[in-house]
Amino acid sequence: MSGDSRLLGFWYVLPYLIGLMVFTAIPFLGSLYLSFTDYRLMQGMSFVGLENYTDILTRDRTFTRSFNVTMLYVLITVPLKLAFALFIAGILNSKLKGIGFFRTAYYVPSILGGSIAIAVLWRYMFADTGLINMLLTSIGFEAINWFGNPGTALFTITLLRLWQFGSAMVIFLAALQSIDKSLYEAAAIDGAKPWRAFFAVTLPLLTPVIFFNLIMQMVQAFQEFNGPYVITNGGPLKSTYLLPLYIYEMAFKKFDMGYASAIAWVLFAVIMVLTLIAFWSSKHWVYYAGDKRS
Amino acid sequence: MSDSILHSDKAIEDAEKFLAVQRRREKISLAIRYTILTVVGLIMLYPLIWLIGASFKSNTEIFAGAGFMPANPTMDGYVKGWETSTPYTFGRFFWNTFLIIAPKTICTVISCTVVAYGFARFDFPGKKILFATVIGTLLLPNIVTRIPQYLLFNELGWLDTYLPLWVPSALAGDAFFVFMLLQFLRSIPRDMEEAARVDGATSFQALIYVVVPMLVPAMISVALFQFMWTMNDFLGPLIYVSSVDKFPVSLALKLSIDTAETFEWNRILAMSVLTLLPSLIVFFLSQKYFVEGISAGGVKG
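Quick mapping for you: the protein sequence lines, in order, are chains A and B. Mapping of the first sequence onto my numbering: position 273 corresponds to residue 273, and the numbering continues sequentially without gaps. So the number in my numbering is just where the residue sits in the second sequence, counting from 1, plus 1000.
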């Protein structure tokens, strides 16, 4: 296949190229441009330079609050989710009967978790007279006003995402199962205890997958919307007012497209910087078994 | 040195003791594992089990206790929830959801297959850069492009239609699927296609008659993923669809907790069950299909 196929392949990827231009590349640059303007839908657009950004970074208290809450949410949710996923994957990675059943049971929440129906369920479960409080009072604890306290309200959203550890777990499990068993035998012969083998053999071999899961979960967590929108409505006292909800309300409730774009770019910059730090630092902690992966 | 140990009776005794201890340790470890797995599994699944039970309870019983078995099962939640507080029934919202999902899924499978074929089997100028953008869009947070996309759809007059939900997918916009199909394509040998080309088939005929039959399992998993993602998609319809008569179930459910029905929890929970049902059914059916499809296609999973 040569000659004519030099352009032939191009025709096959043309739909992608058009989609990329129209729905990704141009909007991407468009939002950067918008972030330097004062643009309200149905009104004119005027170029304001860095004004949106200086407002966001110096004057906008809602942004500061929202930014801090978002960082707190990501910092709590992502490590907890990864640790839990790895822990359960580690338990599942042995000759257990019914492993398929458990794997399915743990994966189901990941399939359903994004659904609005689950957010609705959460809202009921943590209501004042909801399921969780009924369980707490039935075993002698006091009911908690989950949505009334800033700390607990954010925690309900974190729990919703932790509940969906299944997809990260499945990836960890696949990686664990691909580890050469002879490495453990070698470690055992050298007298290594199981926990030592975990830190010396398992963890280094898992670092590429940990890295992958870390990036994916982080990008996802920064974009959390359904939880705050449906479960807590951003409250109380804006304690669950994550940046995506702020951007949504600025853009699609107030139709302040310029300012909303600027917030989106600040969020994007944060995600980019953290991703780059992760990539840069990966040289020091991610171990690639050169000959095993291509 | 090892010889002398092996020959000593005491050493053998010690070794047996050691093995017995080890066996007991393994048994305990197994018991701990099962306990953790079962407890975690119960905690994970209880909300769902409870949800199903509660949807058959009366509204007062929902707040009466944490058990999942309804004392007097009633279909009240389903009957009244189905009617909704809007002029439409939930049937209408399910139909709308189907109208969004069916074209979107079909277009996704076709476009992503064609594009992945182009990337996998041909060389063309700029291929490397273009392929890099596939990975780039995988990592690009949607939140950055959403506002200009909205303005674009507004200009095109596509707001309050399903076009903003269909068209980007029809142009292979979900980079994840292109990437996934590409991985599958790489594991399929080219011999048969090349034989077909030698026999005079065009590259498009080779795609349809040779590649697609081998790629079917992968295409089905793309369709399943897209089905479930679209079923769960909330933000897309929220931004683009504004008329109630065009609402998919996700928006209808949100609407029902916002309106006066807020205190009629059994209706909302019943409709939540119905909303989750398609994804659950598809997941349990596809689990089996995944395994069969992958082994039938001879592709290593």
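Any given hint could be a false lead.
[To be verified] Computed from the model, here is a short list of chain A residues facing chain B with C-beta under 10 Å:
hint : residue
1    : F10
2    : L29
3    : S94
4    : Y107
5    : G130
6    : W195
7    : R196
8    : F198
9    : V230
10   : S261
11   : W265
[Unchecked claim] With a cut-off of at most 30 Å between alpha-carbon atoms, the simulated BS3-like pairs for lysine-lysine come out as follows:
hint : chain 1 : residue 1 : chain 2 : residue 2
12   : A       : K283      : B       : K1017
13   : B       : K1127     : A       : K193
14   : A       : K181      : A       : K238
15   : A       : K97       : A       : K193
16   : A       : K181      : A       : K193
17   : A       : K97       : A       : K181
18   : A       : K283      : B       : K1127
19   : B       : K1027     : A       : K95
20   : B       : K1080     : A       : K193
21   : A       : K97       : B       : K1027
22   : A       : K253      : A       : K238
23   : B       : K1080     : B       : K1246
24   : A       : K254      : B       : K1246
25   : A       : K283      : A       : K193
26   : B       : K1027     : B       : K1010
27   : A       : K181      : A       : K283
28   : B       : K1017     : A       : K181
29   : A       : K95       : A       : K254
30   : B       : K1017     : A       : K95
31   : B       : K1246     : A       : K253
32   : A       : K254      : A       : K238
33   : B       : K1080     : A       : K181
34   : B       : K1017     : B       : K1027
35   : B       : K1017     : A       : K193
36   : A       : K97       : B       : K1128
It should be emphasised that the hints constitute simulated quantities derived from the structure, not laboratory data. Here a beta-carbon is modelled for each residue, glycine too, at the ideal position from N, C-alpha and C.
To see whether the hints hold, each was checked on the structure:
Proximity of A/F10 to chain B holds as hinted, the smallest CB-CB distance being about 4 Å (cut-off 10 Å). Hint status for A/L29 relative to chain B: holds, with the closest Cβ pair at about 8 Å, below 10 Å. At about 7 Å, the closest approach between the beta carbon of A/S94 and any beta carbon in chain B falls short of 10 Å, and the interface hint on this residue holds. Evaluation of the A/Y107 hint against chain B yields a held restraint, the C-beta minimum of about 8 Å falling below 10 Å.
Because the smallest distance between the Cβ of A/G130 and any Cβ of chain B comes to about 8 Å, under 10 Å, the interface hint for this residue holds. This hint is violated: A/W195 has a C-beta 12 Å from the nearest C-beta of chain B, more than the 10 Å allowed. At a threshold of 10 Å, the smallest CB-CB gap from A/R196 to chain B is about 16 Å, leaving the interface hint violated. Because the beta carbon of A/F198 sits about 13 Å from the nearest beta carbon in chain B, more than 10 Å, this interface hint is broken.
With its C-beta approaching chain B no nearer than about 6 Å, A/V230 sits inside the 10 Å limit, and its interface hint holds. For A/S261, the shortest C-beta to C-beta distance to chain B is roughly 5 Å, which falls under 10 Å, so the interface hint holds. Hint status for A/W265: holds, given a least beta-carbon distance of 7 Å to chain B, under 10 Å. Of the supplied pair hints, the one linking A/K283 and B/K1017 is violated, its CA atoms being roughly 46 Å apart against a limit of 30 Å.
For the hint pairing B/K1127 with A/K193, the CA-to-CA distance comes to about 50 Å; that exceeds 30 Å, so the pair is violated. Straight-line distance between C-alpha atoms of A/K181 and A/K238 comes to about 50 Å, which puts the hinted pair past the 30 Å bound. Restraint check for A/K97 and A/K193: satisfied, since their Cα atoms lie roughly 25 Å apart, inside the 30 Å limit. Restraint check for A/K181 and A/K193: the C-alpha separation of about 15 Å stays at or below 30 Å, so the hint holds.
A distance of roughly 19 Å separates the Cα atoms of A/K97 and A/K181; the hinted pair therefore holds under the 30 Å criterion. A C-alpha spacing of about 28 Å is found between A/K283 and B/K1127, which places the hinted pair at or below 30 Å, so the restraint holds. Proposed proximity of B/K1027 and A/K95 is supported: the alpha carbons are some 12 Å apart, at most 30 Å. Annotation: proposed proximity of B/K1080 to A/K193 is violated, straight-line Cα distance about 61 Å (limit 30 Å).
Note on A/K97 and B/K1027: the hinted pairing holds, with a Cα-Cα distance of about 14 Å set against a maximum of 30 Å. At roughly 17 Å between alpha-carbon atoms, A/K253 and A/K238 fall within 30 Å of each other, so this suggested pair holds. With a C-alpha separation of about 21 Å, the suggested pair B/K1080 and B/K1246 falls inside the 30 Å cut-off, and the hint holds. Restraint check: the Cα-Cα separation between A/K254 and B/K1246 comes to about 23 Å, which is no more than 30 Å; the hinted pair holds.
Between A/K283 and A/K193 the CA atoms are separated by roughly 28 Å; this keeps the pair inside 30 Å, and the hint holds. Distance hint between B/K1027 and B/K1010 is fulfilled; the C-alpha atoms sit about 26 Å from each other, no more than 30 Å. Between the alpha carbons of A/K181 and A/K283 the distance comes to roughly 26 Å, so the proposed pair stays at or under 30 Å and holds. A C-alpha spacing of about 26 Å is found between B/K1017 and A/K181, which places the hinted pair at or below 30 Å, so the restraint holds.
For the hint pairing A/K95 with A/K254, the CA-to-CA distance comes to about 56 Å; that exceeds 30 Å, so the pair is violated. Proximity of B/K1017 to A/K95 is assessed by CA-CA distance (about 24 Å); at most 30 Å being required, the pair is judged to hold. With a C-alpha separation of about 20 Å, the suggested pairing of B/K1246 with A/K253 holds against the 30 Å cut-off. The hinted pair formed by A/K254 and A/K238 meets the criterion: a straight-line CA distance of about 18 Å does not exceed 30 Å.
In summary, the hint linking B/K1080 to A/K181 is not supported, as the alpha carbons are separated by about 57 Å, beyond the 30 Å threshold. With a CA separation close to 15 Å, the supplied pair B/K1017 and B/K1027 stays within the 30 Å bound. With a CA separation close to 18 Å, the supplied pair B/K1017 and A/K193 stays within the 30 Å bound. Taking the CA atoms of A/K97 and B/K1128, the gap is about 46 Å. The hint is violated against a cut of 30 Å.
Checked against the numbered hints above, the structure breaks hints 6, 7, 8, 12, 13, 14, 20, 29, 33 and 36 and satisfies the rest.
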